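Undergrad: The primary structure of each chain is shown beneath.
There are 4 protein chains.
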Amino acid sequence: MILGINGSPRKANTELMLDEALAAAAGKTGAATEKINLRRLTINPCLGCFKCTTPGGEDEDAGCRVFRDDMDLLLPKLAACTGLIIASPVYFGGVTAQLKAFMDRTEPLLRYGVGRWKLGLRNKIGAAIAVGGNRNGGQEATINAIHHFFFIQDLLVVGTGPDPDPGCYLGAAAHTGLDPETGSLPRNAVTGDPLGLRAAGIIGRRVAEAAAMITPDRG
Amino acid sequence: MILGINGSPRKANTELMLDEALAAAAGKTGAATEKINLRRLTINPCLGCFKCTTPGGEDEDAGCRVFRDDMDLLLPKLAACTGLIIASPVYFGGVTAQLKAFMDRTEPLLRYGVGRWKLGLRNKIGAAIAVGGNRNGGQEATINAIHHFFFIQDLLVVGTGPDPDPGCYLGAAAHTGLDPETGSLPRNAVTGDPLGLRAAGIIGRRVAEAAAMITPDRG
Amino acid sequence: MILGINGSPRKANTELMLDEALAAAAGKTGAATEKINLRRLTINPCLGCFKCTTPGGEDEDAGCRVFRDDMDLLLPKLAACTGLIIASPVYFGGVTAQLKAFMDRTEPLLRYGVGRWKLGLRNKIGAAIAVGGNRNGGQEATINAIHHFFFIQDLLVVGTGPDPDPGCYLGAAAHTGLDPETGSLPRNAVTGDPLGLRAAGIIGRRVAEAAAMITPDRG
Amino acid sequence: MILGINGSPRKANTELMLDEALAAAAGKTGAATEKINLRRLTINPCLGCFKCTTPGGEDEDAGCRVFRDDMDLLLPKLAACTGLIIASPVYFGGVTAQLKAFMDRTEPLLRYGVGRWKLGLRNKIGAAIAVGGNRNGGQEATINAIHHFFFIQDLLVVGTGPDPDPGCYLGAAAHTGLDPETGSLPRNAVTGDPLGLRAAGIIGRRVAEAAAMITPDRG
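Taken in sequence, the protein lines are chains A, B, C and D. Counting from 5, one number per residue, gives the positions in the first sequence under the numbering used here. Counting from 5, one number per residue, gives the positions in the second sequence under the numbering used here. Counting from 5, one number per residue, gives the positions in the third sequence under the numbering used here. Counting from 5, one number per residue, gives the positions in the fourth sequence under the numbering used here.
Source of the hints: derived by calculation from the structure; they are not laboratory data. Note that the structure is a prediction, hence the values are computed from the model and not measured. Yeah, the Cβ is synthetic: ideal placement off N, Cα and C, and Gly gets one too. The reader is advised that the hints may include incorrect statements.
Computed beta-carbon distance windows for the label pairs [unchecked claim]:
(1) A:N41 / D:G60: 47 to 55 Å
(2) B:R69 / A:D63: 35 to 43 Å
(3) A:P168 / D:G196: 46 to 54 Å
(4) B:D73 / A:N41: 17 to 25 Å
(5) B:D73 / C:P168: 23 to 31 Å
Required output: the full structure, derived from the provided sequences and hints.
TA: In structure tokens:
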């Protein structure tokens with residue numbers, strides 16, 4: 005299953021990109037896909053208590069020991085996927101705080117995890133999507149931040165692959181434009197960015213293709 | 005006034021680094037300093053509604069039109085400072101979600117702002133501090149993310165300056181070490197990192213020195 | 005004097021951007037400007053011998069002890085400037101090898117220098133320009149690489165400043181497009197990128213403005 | 005075959021790290037390994053002429069149409085490997101000019117290539133090693149720069165994987181220390197950095213393991 009995470013608090017642009025990627029992934033290998041909109045979920049930011057990585061707790065499989073929130077729904081999905089596509093709008097040159105809260109709460113999946121989620125993302129395929137109002141407004145930095153998360157979680161990371169003129173090699177990058185007076189992004193503006201939308205499709209196919217290439221048991 | 009923002013949800017390591025920087029800043033030029041611990045504040049994540057950058061609102065000077073929370077306390081401090089030091093522990097290769105929520109909510113200070121906070125950080129001096137459990141665990145990426153915020157907000161950005169062997173040129177980077185079994189960071193572990201603590205002092209002096217060099221009116 | 009360094013081996017796109025920046029810098033404050041095209045110079049790559057940072061050499065002021073090449077012409081210009089704009093095309097997600105060779109050979113200007121070039125770039129204003137064939141093809145990474153050089157050399161680093169819709173906040177970023185079949189960049193294609201060219205002007209004015217704000221002696 | 009490229013102009017530190025990685029790769033899966041020291045080769049920097057990506061040339065399989073140099077030896081090795089480990093010392097926050105010259109000259113391997121080298125690195129496994137004199141002196145940035153190259157060349161990129169306390173998640177990072185007076189790196193200083201050397205072994209095993217997991221034909 006190819007899992008897509010949408011880190012935008014708004015409807016539309018970033019979700020349209022992720023939809024494009026997931027549709028392309030399904031079309032490439034027939035893989036099942038699932039989309040998570042973080043804007044519909046409650047995920048408290050990590051407090052850095054490290055209880056989730058401390059052996060001997062009463063409920064090691066619970067993941068977080070502090071918050072019972074929607075991360076409980078996401079951990080099984082993350083552990084079940086074979087490919088993971090994370091999409092974020094560019095907020096101040098990086099991922100949204102909402103997406104970062106999700107990332108920070110994946111600690112139980114780490115090598116330091118103590119329960120059943122430990123190494124739950126290992127050897128999955130990861131790829132990133134970023135949507136910016138400015139043309140070079142942090143799309144690369146946002147993708148790099150998502151990649152850093154992937155490397156920490158031990159995924160194999162792919163870029164846009166061998167298609168010509170992908171716009172961005174690191175991942176799919178869109179440019180919605182912004183209102184020069186207010187700096188706001190028009191809803192659905194990404195529909196006017198064929199380069200970005202095409203790249204989303206490329207990244208979806210690339211994740212599906214790479215996930216199908218992997219036989220982790222041979223590792 | 006040199007303002008320090010601590011993005012850690014925990015007491016200790018990152019705050020110790022920031023304390024070192026602010027003390028050095030004060031010692032260098034006699035500048036007043038102030039420290040903000042985000043862990044004591046409530047800052048809701050930005051919803052991307054762009055109301056704060058839309059002209060003609062009833063209360064343009066209010067900053068955010070959605071949330072009345074502790075950002076109301078921070079906007080005047082940001083507008084008043086001449087230097088800004090932002091410190092974060094490294095969480096999954098970047099700033100904490102709590103610090104990112106703060107950054108994302110500074111939208112009223114942008115060039116797109118419509119009220120009295122507009123361009124409130126322009127031509128201030130900015131510098132960054134990162135504290136990681138791993139030695140090269142994302143300190144550079146975390147500092148880069150803070151720098152990206154600074155560039156968007158139109159600060160002049162400084163690194164650790166001309167002291168020999170600063171550990172990191174981009175900003176002050178500490179390495180606390182971590183428990184190899186649990187991945188946790190011992191509280192106060194940064195006291196065992198003289199290189200990191202010295203760099204925090206360097207960065208504090210550098211910010212104070214650079215802030216004293218600037219005469220924005222001449223621009 | 006505002007110094008511009010062009011790291012492209014080709015005529016045209018990157019140089020056009022740098023010309024735009026230098027013209028804008030001169031127009032803003034009347035500053036003198038000078039442009040260096042690295043393609044016309046011979047700069048051998050650094051061998052990492054550290055002779056230039058070893059005290060007690062016979063000719064400490066010579067800079068490099070290994071190569072007598074065109075770096076001899078550049079060191080005095082670097083030491084004399086008050087602002088430095090470095091422009092590079094994006095080659096494989098970063099600066100050209102030719103520009104990197106130049107950067108690596110600035111070792112005598114470092115804090116570790118032993119002769120008259122030591123700290124020659126300290127407290128100057130630095131800004132970056134990147135020109136890519138792909139839209140998000142490494143412009144941010146290229147600017148970051150130039151910034152890293154600036155931080156090591158102890159400059160104050162500025163982005164595109166408070167103009168609305170600068171395309172990129174980190175520095176001036178252009179998108180020339182590329183031939184989808186050959187991946188080549190049309191000569192002068194940047195003339196078809198008004199956003200990029202405008203950003204070059206912004207960055208030039210920003211460097212001139214910031215350089216005029218600095219009184220290093222007060223530091 | 006796992007190919008290692010050493011971008012250092014000096015003997016010792018970076019090569020020791022690469023040796024450690026290649027030995028670990030061989031030990032993990034019995035893969036053949038080969039090491040290339042760029043310091044022994046002549047690789048002219050790319051002139052950006054795009055002749056290598058222009059169809060219809062007389063000798064499309066030649067790679068570069070301008071320089072007959074040691075890239076002719078490297079293209080077949082790159083096309084033949086299943087894993088690629090690139091190691092660089094940190095020079096001014098990034099890869100050496102010598103390594104960048106190598107990267108820039110791999111244009112014939114790109115999707116835009118016209119001869120037999122086209123897509124020669126596609127679906128190989130890539131990983132990076134960086135060796136810095138400063139503790140956080142650009143190791144992350146150097147690894148990111150190598151990763152950017154990998155993404156452009158369509159590799160699957162891996163970090164240090166699930167071992168605890170890898171020092172750096174992005175790749176293997178060493179810290180040699182430097183002479184605080186001269187900024188020089190002692191030869192073989194990396195032998196005093198067990199964390200870095202261990203990470204080099206981790207990265208070698210990770211590349212071998214991942215390369216053995218891939219069946220590109222299934223893609």
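Undergrad: Kindly indicate which numbered hints from before are broken by the structure, ordering the numbers from low to high.
TA: When the structure is compared with the hints, none of them turns out to be violated.
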